[in-house]
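Engineer: Build the complex: two chains, separate frames, hints provided.
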Amino acid sequence: MEKKPEWLKVRYNQDAVNEVAALMRDLKLNTVCKEANCPNLGECYQKHTSTFMILGSVCTRNCRFCNVTTGHPLPPDPEEPMNVARAAKKLNLRHVVLTCSTRDDLPDGGAEQFAKCVRAIREVCPGTTVETLISDMKGDHAALDTVIAAHPEVLNHNVETVKELQAAVRPQARYERSLGVLRYCKEKDPTLLTKTGFMVGLGETEEQIGRLMDDILETGCDILTIGQYLQPSPQHYPLARYATPEDFARWKELALSKGFRHVASAPLARSSYKAWEALEDVHDLY
Amino acid sequence: MEKKINMPKLAPEMESGVLCAWLKEEGDTIAAGEPLFEIETNKVVNQVEATVSGVLKKQLAEEGDTVCVDTAVAVVEAE
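Taken in sequence, the protein lines are chains D and R.
Under the numbering used here, the very last position in the first sequence is 286; numbers go up by exactly one each time.
Under the numbering used here, the very last position in the second sequence is 79; numbers go up by exactly one each time.
Chain R on its own, in the form it takes in the complex (with noise of 0.2 Å):
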């Protein structure tokens, strides 16, 4: 089953973000609490986990993208 991994939502007055780098390629087997991808914000990077195991399907984002929060930023066929 595919599911979708969205660009979260770090801090409250933030609307979106930019996703530094990716830390898995298309087609890794990933598995949930694995870091996924990178954001910088003002105060640090956040390594965001995949919240599930499977196979990382599809980089929706390339590294450098602005993302608006909740837009998603990457399919994974889901175990």
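One chain only, chain D, in its complex shape (with noise of 0.2 Å):
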């Protein structure tokens, strides 16, 4: 194993991860958090705060960055939804961030289950805002229209790596269906918020980042994040490097002078870590 550099040290408390692991035991809720063994899990629950992970822990894709386990996911739970909006009222959430496994078994690929979460959330959460990190639900639109139509404040999807290594990244993907997402939320519903992210130290040049950013921009993207890929196992995409605090510094200055609205860049920056920051930043130009 390569060693680590100094900023990828994270804290970690037991008794505060405990507590949250605890409540969604009791109410049979998973976390992207736990289920994609985030470097930041021990900073966000000891926050009490978490990324719900709908419709089970078992995904039917099998992408060679993630951690999530490849399988036969179970059908839908129907309190899913309840149980959801129950964690985040107890938890105090502001803003609740919503993802999933990818469902290609659903005819929906799952979409009517975010749209009942964010529904839930809105009943029993009044004021919570919701972001739904959803997968590209085969570019089906009547699928996205079922999300868009719960109306979330935030949209996100992620790109994941530049053009050039998306088929050995994401091999069940594609770089212009996930574009494809973001284009058309963002024309189906000029006031939704759209976000996305990709990783860094999978291989990818600057040329291709410069790039991917204007792709990503030309959907009318509002909020990127850019973070570094860690390894989840020898078994994984190979890491290539480790960008340093600085690469992110100048990155995020790219991105804001092409015209992003709002940039999380930082080594372990994540798709939902201290996602209503970015909400904050924007939300009030609406």
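Computed footprint of chain R on chain D, listed as stretches where at least three residues anywhere in the stretch have a Cβ under 8 Å from a Cβ of chain R:
#1 2-15
#2 27-40
#3 228-235
Note that these hints are calculated values from the structure, not bench results.
All of these numbers come straight from a predicted model, not from anything done at the bench.
Backbone N, C-alpha and C define an ideal beta-carbon position, used for all residues, glycine too.
Structural biologist: Structure, rendered in structure tokens:
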């Protein structure tokens, strides 16, 4: 294992983690924090925040960067929407991020479950904002319409990496399809804030990163996150390098200069890490 | 009162962890929330915080040791 740089040190408090983990267990909920083995779990759970992973913890795709288990998932849990809302209330979340395993087995890709969760949160936690971090739902417009109709404040879908590495890193996804998801959602409802993210450290070049930003921006996307790829295990896609905090600062400036309205760019930035900060930064412009 | 601090389970599949550095010496006073030792995982280095205040009475593992999850790595004489 390559030696970790100083900026990849995180704090971990077992008692704080246990408290949030117990709540999720009691309500039969999953978090992407746990399933993806997120490095920020200790910090986020200590601050009583987390990102709900709806539609089960088993994914139908096998992306080579991701720690989520691949297999045959169970049908959607009808109690999940209300349990998510209950957990959000218990944690007193002001901004809820919902993500999912990719459910290619479901005709709507899980869109209706997203919509039900958004509506349940609206009912139980009035005033709380919601961000849906969706899969590409195979680019199906009817599925995307279902999510859009629930009107989350933020519609997030990650492109994950530069165009040139898509096939190697996320073989069951498509670059143009992901850009199409962002473009369609923005065109369908221009009041929706759209957001995406990508990783660095997979072997991409500076020129490829610049072109990726241009392609994303062309979809009308508002918010961008850039974070370090961290290899979950030796069996996952190999790490090419650790980018420095200075690299991330440079990419942030570049993205802002190109026209993104908010950019979170740091080694441990993740698409839902401190997601409310991005919303607060840009939401009052609407 | 003595309290043991265990190797945490940092990931669902984690069975053991390598204690890569102690951040406090035996005899040091520690406050709850202060980082006590470091564990390196595939992704990052985790600085594990003390969950009680007191005096670090005994280090039960050396730097570089692989320790099973939920096994004690430190004894703290709690305040």
